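If you read the sequences in order, they're chains A and Z. Each residue of the first sequence is one higher than the one before, starting from 1 at the first, in the numbering used here. Each residue of the second sequence is one higher than the one before, starting from 321 at the first, in the numbering used here.
Treat the hints with care, since some could be wrong.
[To be verified] Calculated pairs, DSSO-like style, for lysine-lysine (alpha carbon to alpha carbon, straight line, at most 27 Å):
| no. | chain 1 | residue 1 | chain 2 | residue 2 |
| --- | --- | --- | --- | --- |
| 1 | A | K284 | A | K14 |
| 2 | A | K277 | Z | K509 |
| 3 | Z | K345 | A | K284 |
| 4 | Z | K542 | A | K14 |
| 5 | A | K317 | A | K277 |
| 6 | A | K308 | Z | K345 |
| 7 | Z | K322 | A | K292 |
| 8 | A | K182 | Z | K322 |
| 9 | Z | K565 | A | K110 |
| 10 | Z | K542 | A | K315 |
| 11 | Z | K542 | A | K277 |
[Claimed, not checked] Okay, the calculated bits of chain A under chain Z, using three or more residues with CB under 8 Å as the criterion:
| no. | segment |
| --- | --- |
| 12 | 201-212 |
| 13 | 265-276 |
Think of the hints as simulated: they come from the structure by calculation, not from any bench. On a predicted model such as this, the values are computed, not experimentally measured, just so you know. Where is the CB? At the ideal position from N, CA and C, for every residue including glycine.
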Amino acid sequence: MNLVFIDQAEGHIKKASFEAASYAAQTAALMGTTAEAIVLGTVSDDLTALGRYGITKVHTVADANLNEFDAQVYTQLIAEAVKATGADVLVFANTTTAKAVAPRLSVKLKAGLVSGAVALPDISNGFTVKKSVFSGKAFANIAVTTAIRIIAVNLNAFTIQEVEGSATVVPFTVQPISSKVKVSGVDKITGEVPLGEADIVVSGGRGLKGPENWGLVTELAGLLNAATACSRPVADIHWRPHHEHVGQTGLAIAPNLYIAIGISGAIQHLAGVNRSKTIVVINKDPEAPFFKAADYGIVGDAFEVVPKMIDAVKKMKGIA
Amino acid sequence: MKILVCISKTPDTTAKIAFTDNNTKFATDGIQWIINPYDEWYALVRAIELKEADAGVTIHLVNVGTAESEPIIRKALALGGDAAFRVNTLEEDSYFVAAQIAAIAREGAYDIVFTGKETIDYNGSSIGGMVAELLDLPYISHAVKFDLSGNTATVVREIEGGEETDQVSLPIVVSCQKGMAEQRIPNMKGIMGARTKPLTVSEPVTADILTRVASFDLPPAKAGVKLVSAEHPEELIRLLHEEAKAI
Ligand SMILES: Cc1cc2nc3c(=O)[nH]c(=O)nc-3n(C[C@H](O)[C@H](O)[C@H](O)COP(=O)(O)OP(=O)(O)OC[C@H]3O[C@@H](n4cnc5c(N)ncnc54)[C@H](O)[C@@H]3O)c2cc1C
Ligand SMILES: Nc1ncnc2c1ncn2[C@@H]1O[C@H](COP(=O)(O)O)[C@@H](O)[C@H]1O
Numbered sequence: 001m002n003l004v005f006i007d008q009a010e011g012h013i014k015k016a017s018f019e020a021a022s023y024a025a026q027t028a029a030l031m032g033t034t035a036e037a038i039v040l041g042t043v044s045d046d047l048t049a050l051g052r053y054g055i056t057k058v059h060t061v062a063d064a065n066l067n068e069f070d071a072q073v074y075t076q077l078i079a080e081a082v083k084a085t086g087a088d089v090l091v092f093a094n095t096t097t098a099k100a101v102a103p104r105l106s107v108k109l110k111a112g113l114v115s116g117a118v119a120l121p122d123i124s125n126g127f128t129v130k131k132s133v134f135s136g137k138a139f140a141n142i143a144v145t146t147a148i149r150i151i152a153v154n155l156n157a158f159t160i161q162e163v164e165g166s167a168t169v170v171p172f173t174v175q176p177i178s179s180k181v182k183v184s185g186v187d188k189i190t191g192e193v194p195l196g197e198a199d200i201v202v203s204g205g206r207g208l209k210g211p212e213n214w215g216l217v218t219e220l221a222g223l224l225n226a227a228t229a230c231s232r233p234v235a236d237i238h239w240r241p242h243h244e245h246v247g248q249t250g251l252a253i254a255p256n257l258y259i260a261i262g263i264s265g266a267i268q269h270l271a272g273v274n275r276s277k278t279i280v281v282i283n284k285d286p287e288a289p290f291f292k293a294a295d296y297g298i299v300g301d302a303f304e305v306v307p308k309m310i311d312a313v314k315k316m317k318g319i320a
Numbered sequence: 321m322k323i324l325v326c327i328s329k330t331p332d333t334t335a336k337i338a339f340t341d342n343n344t345k346f347a348t349d350g351i352q353w354i355i356n357p358y359d360e361w362y363a364l365v366r367a368i369e370l371k372e373a374d375a376g377v378t379i380h381l382v383n384v385g386t387a388e389s390e391p392i393i394r395k396a397l398a399l400g401g402d403a404a405f406r407v408n409t410l411e412e413d414s415y416f417v418a419a420q421i422a423a424i425a426r427e428g429a430y431d432i433v434f435t436g437k438e439t440i441d442y443n444g445s446s447i448g449g450m451v452a453e454l455l456d457l458p459y460i461s462h463a464v465k466f467d468l469s470g471n472t473a474t475v476v477r478e479i480e481g482g483e484e485t486d487q488v489s490l491p492i493v494v495s496c497q498k499g500m501a502e503q504r505i506p507n508m509k510g511i512m513g514a515r516t517k518p519l520t521v522s523e524p525v526t527a528d529i530l531t532r533v534a535s536f537d538l539p540p541a542k543a544g545v546k547l548v549s550a551e552h553p554e555e556l557i558r559l560l561h562e563e564a565k566a567i
């Protein structure tokens, strides 16, 4: 049996968890078994809908105390769920929650962990999972040799397969240990598409000359319902907030579409964005290294090219 | 107050990624080794800042690795560690490495164990959490800010689309990322002093190995860029819509 942890925030299932659910279900199909889910905390979304991602049963611990995350408490509850269901594959979306909990479970369950998985396991000879390594510059196939295996699936790395079906929801009775962590505040960046989850990302570099020119990036992003990002120096000189910094030492992202404006494409920048499905580069220098990693490009001045792109998108969307 | 900082050795960020032995080994020829940036810039520097604020703080470093790690350990000592431990072994897998670190941590009864958020080669983001579980301690991952008041740590950690502030009593394990501190460069006095700081080498404790790298792959090469004239950006938008189906 495969068990997937469904991560929630403010009562809503995180998008990445649907991918993880579908991953668990497809892995279960390969192994000739079924996939069930575990949800901690109080959720307002309809959990039977997880059936559409191939989940047959959802175990819930609807305790409001669990809406505050504590890696130790979550570890205890998920470990109990693994034991109660007899699961031998445990799947997570590779979110900040998984990064705190999955390693603990690896120890508690003596279960080999593959974090950053990008493909379904290969079970033709043992149990091997492909993961992203070297900050997206390569992949490693990791053989897991334990009876229970834990997989944390990278966001946007894997295609959801929707199916017909509805999951049954059953309470899972368990007494959580008391938490040693007190959450004193949560600060969400509101009104923006979260960068890590965005389908489309529009990103700017030092080529944009100064923060006063960022309207080009934000307007294009707004029209495309995209998140905004930037290169490291742009964040370091405070043209843009630090959470927008992508690359080897910033956030690693894998959107469907990444549009890079005035970014040279240094290897450390590419490391965080090269898993994007389609890459578009706007740069006035035809020799900019970014063009080698791009699918589409325009050699030209951003200050002339981007306004025309904005007009074209408006026209396409019938806004002009 | 005793802080243990976990230091790993990684190829420098511009290293060419290639594999040998039928794609089973990373090609180390000509590779420059550095301290994993998250360990150096954030975990270690924040520990040094805490020591600067309170002379009662001692910083120990731990590396699990062969003698090839010694230059990066000396550099970390030059930046500001007081003493270092090296567990003399290959890094078999995350669990094995975590078990070595946990053994050192148990022995030294540290108040804080700092790790980086991830290594830039394996990208496991795993070892901090494993160490915490082995020691049965709270773990805050992806910390962007860490402050102490007596025995209580206030830690701001990254969550999807925002930040969360947590209060936790020591001892604790924390994984560190951008925001925690600013990168520093070792000065001459530090470099000279590092030569005489104690570096204790020990043999590994017995621990299980749960995973193994079977092979590596490089991503398929890009087909090549399709260039659109700067005069006609609308053509790019059309291609993104009709061909790439990305917008
Ligand atoms: C250890 C380490 C880690 C690093 N980590 C990261 C990281 O995580 N992320 C990251 O981004 N960087 C990182 N860097 C920095 C990286 O090496 C580059 O310095 C950085 O990415 C360059 O940013 P940029 O492309 O915005 O600026 P520049 O390199 O200055 O490039 C600006 C580009 O804009 C173009 N341009 C100028 N004017 C125009 C115009 N009018 N129209 C169109 N194009 C124009 C130029 O041709 C040029 O290609 C790291 C470096 C190191 C050493
Ligand atoms: N061989 C090692 N020796 C000491 N610390 C390590 C070692 N490998 C990893 N670490 C620490 O664990 C963190 C996370 O590593 P990883 O789980 O591999 O991404 C790193 O940032 C280091 O702080």
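Each hint, compared with the structure:
| no. | hint | result |
| --- | --- | --- |
| 1 | A:K284 with A:K14 | 39 Å, violated |
| 2 | A:K277 with Z:K509 | 49 Å, violated |
| 3 | Z:K345 with A:K284 | 39 Å, violated |
| 4 | Z:K542 with A:K14 | 31 Å, violated |
| 5 | A:K317 with A:K277 | 22 Å, holds |
| 6 | A:K308 with Z:K345 | 48 Å, violated |
| 7 | Z:K322 with A:K292 | 48 Å, violated |
| 8 | A:K182 with Z:K322 | 23 Å, holds |
| 9 | Z:K565 with A:K110 | 44 Å, violated |
| 10 | Z:K542 with A:K315 | 30 Å, violated |
| 11 | Z:K542 with A:K277 | 11 Å, holds |
| 12 | 201-212 | violated (count 0) |
| 13 | 265-276 | holds (count 4) |
Checked against the numbered hints above, the structure violates hints 1, 2, 3, 4, 6, 7, 9, 10 and 12; every other hint is satisfied.
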